[in-house]
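Put chain B on the given structure of chain A with help from the hints.
So the sequence lines, in the order shown, correspond to chains A and B.
For the first sequence, position 148 matches number 148 in our numbering, and the numbering has no gaps at all.
For the second sequence, position 109 matches number 109 in our numbering, and the numbering has no gaps at all.
Hints listed in this document are in silico derivations from the structure and should not be mistaken for laboratory results.
A hint or two may mislead.
Copies of the same chain are indistinguishable here, so a pair counts whether it falls within one copy or spans any two.
[Claimed, not checked] List of simulated lysine-lysine pairs, DSS-like, C-alpha gap at most 27 Å:
hint, residue 1, residue 2
1, K68, K180
2, K68, K150
3, K217, K267
4, K180, K249
These are the residues of each chain, in order.
Protein chains: 2
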Amino acid sequence: MTSPATTERLIDRAAADLLPSVAARLACRNGMATTTAGVADGFVQGNLAILPESLAASFHRFCQLNPKPCPIIGMSDVGDPRIPALGLDLDIRTDLPRYRVWRDGEVIEEPTDIMAHWRDDLVAFVLGCSFSFEEALMADELPIRHIDRKVRVPMYRTNIACHPSGPFAGPMVVSMRPFKPADAIRAVQITSRFPAVHGAPVHLGHPHSIGIQDLAKPDYGDPVPVEADEIPVFWACGVTPQAVIAAAKLPFAITHAPGLMLVTDLKNKQLAVL
Amino acid sequence: MTSPATTERLIDRAAADLLPSVAARLACRNGMATTTAGVADGFVQGNLAILPESLAASFHRFCQLNPKPCPIIGMSDVGDPRIPALGLDLDIRTDLPRYRVWRDGEVIEEPTDIMAHWRDDLVAFVLGCSFSFEEALMADELPIRHIDRKVRVPMYRTNIACHPSGPFAGPMVVSMRPFKPADAIRAVQITSRFPAVHGAPVHLGHPHSIGIQDLAKPDYGDPVPVEADEIPVFWACGVTPQAVIAAAKLPFAITHAPGLMLVTDLKNKQLAVL
Numbered sequence: 001m002t003s004p005a006t007t008e009r010l011i012d013r014a015a016a017d018l019l020p021s022v023a024a025r026l027a028c029r030n031g032m033a034t035t036t037a038g039v040a041d042g043f044v045q046g047n048l049a050i051l052p053e054s055l056a057a058s059f060h061r062f063c064q065l066n067p068k069p070c071p072i073i074g075m076s077d078v079g080d081p082r083i084p085a086l087g088l089d090l091d092i093r094t095d096l097p098r099y100r101v102w103r104d105g106e107v108i109e110e111p112t113d114i115m116a117h118w119r120d121d122l123v124a125f126v127l128g129c130s131f132s133f134e135e136a137l138m139a140d141e142l143p144i145r146h147i148d149r150k151v152r153v154p155m156y157r158t159n160i161a162c163h164p165s166g167p168f169a170g171p172m173v174v175s176m177r178p179f180k181p182a183d184a185i186r187a188v189q190i191t192s193r194f195p196a197v198h199g200a201p202v203h204l205g206h207p208h209s210i211g212i213q214d215l216a217k218p219d220y221g222d223p224v225p226v227e228a229d230e231i232p233v234f235w236a237c238g239v240t241p242q243a244v245i246a247a248a249k250l251p252f253a254i255t256h257a258p259g260l261m262l263v264t265d266l267k268n269k270q271l272a273v274l
Numbered sequence: 001m002t003s004p005a006t007t008e009r010l011i012d013r014a015a016a017d018l019l020p021s022v023a024a025r026l027a028c029r030n031g032m033a034t035t036t037a038g039v040a041d042g043f044v045q046g047n048l049a050i051l052p053e054s055l056a057a058s059f060h061r062f063c064q065l066n067p068k069p070c071p072i073i074g075m076s077d078v079g080d081p082r083i084p085a086l087g088l089d090l091d092i093r094t095d096l097p098r099y100r101v102w103r104d105g106e107v108i109e110e111p112t113d114i115m116a117h118w119r120d121d122l123v124a125f126v127l128g129c130s131f132s133f134e135e136a137l138m139a140d141e142l143p144i145r146h147i148d149r150k151v152r153v154p155m156y157r158t159n160i161a162c163h164p165s166g167p168f169a170g171p172m173v174v175s176m177r178p179f180k181p182a183d184a185i186r187a188v189q190i191t192s193r194f195p196a197v198h199g200a201p202v203h204l205g206h207p208h209s210i211g212i213q214d215l216a217k218p219d220y221g222d223p224v225p226v227e228a229d230e231i232p233v234f235w236a237c238g239v240t241p242q243a244v245i246a247a248a249k250l251p252f253a254i255t256h257a258p259g260l261m262l263v264t265d266l267k268n269k270q271l272a273v274l
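The following block holds chain A by itself, in its conformation from the complex:
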């Protein structure tokens, strides 16, 4: 692993000549291990799930059945670490800042590359992430509470059951952003244009109806206040597959570390369906 100063110089040099997304992946290859929030503005970032071929078909079907929490934006061939549709040079084994290696439903390691864990039977799935729709919300000047407060988005397990597939089953996890009512309506419109990155909200206004007892106690991320004239708006969340992988106690899986995503060469605006 290179020193932080060397990494920074590498990013600067690469960014001068390359797409910012390619520069970000090169930086990861050279040891960058910090959050990708704010990295390569305008480029799509993705959640990662890597599974053995024996489980991949079930997981693929799980994503097909649950497109709001698990929108697939790219996947590899069996044993192939490349996903050319997301970046010609992309190597899924090295190009994220940090990974989580899971055994029997537990995280056993958080390495910065997975060269030592790669196998000929692995399949990589890249799923859309809320960073993309948050960019569209901010472009419309909607305030996003957790970004303004520089904390992680609050996320909650719900009583909305995902459609199961093989060992993959469990509740949908949602992220919450509070808005004034007129902004909530605008947020529904904007995010409806982006089905590949969770799309329209799944709920608004009545947290109890979806099994959330206390907004101040998220299951993941950090709490944010919801003012009396605001309404909590809930989107399906990319943490859902990690929660499901943990619950399934799979013998082996690899994911990204939360907030440390794959930066792709797709542009967020390319994901708009209209």
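Same frame as chain A, but now just chain B:
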């Protein structure tokens, strides 16, 4: 005025050969004076406002500034009772079931035609109506409370000020439909496709924020219950221009009678922008 039985036969005969919308207008010409709710399914119905030329420019600008409550779908030339874009045979003086004639802000007469009131300086405005978007909501199998209960939609004066233009000023009137949260999100998506008929909601969830003290006491129409797991969703309402015309105490104006609308030859689905 013909007898109800004769009117019914006239409608039946006309409907066999003509567009249902043309048949409905012919029935009005022959004395039909009942609600147009449910008449000529699939065809656009409109709110009517007729003003002297001296006020028409200010009112036109009012609509331009307030497109959500006042979406213009057709207007006549000065003194011309035809609006060919809404129906080749259309005569705005006879083709609605019932009119309201206003003097100094008061309704002085509710005739079934306005031949005796027509003048060479009058301009007719036809504004989109919620019947169109309700059709789209029902086509998606969303339940509409006031329709299920066979009452009028509840409407409320809000604290949202319309942008004023000349004598036209006042609060926006909204209609309210309660939905379960997931249906409310779907209703935002569906009605966003129909800007010509009020478009997306203007508010949801916090009636007090827009100056509504008690949902059980609408200013117009009938109350409907909002269940604990539902959310009240508010759309800009075509009653707004009538409220504004009344408040402005205009020397002279003509409108439709509430619920007794102009049936046009436009199809609701033609109004979808995507």
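| Contradicted hints - numbers only | Violated: hints 3 and 4.
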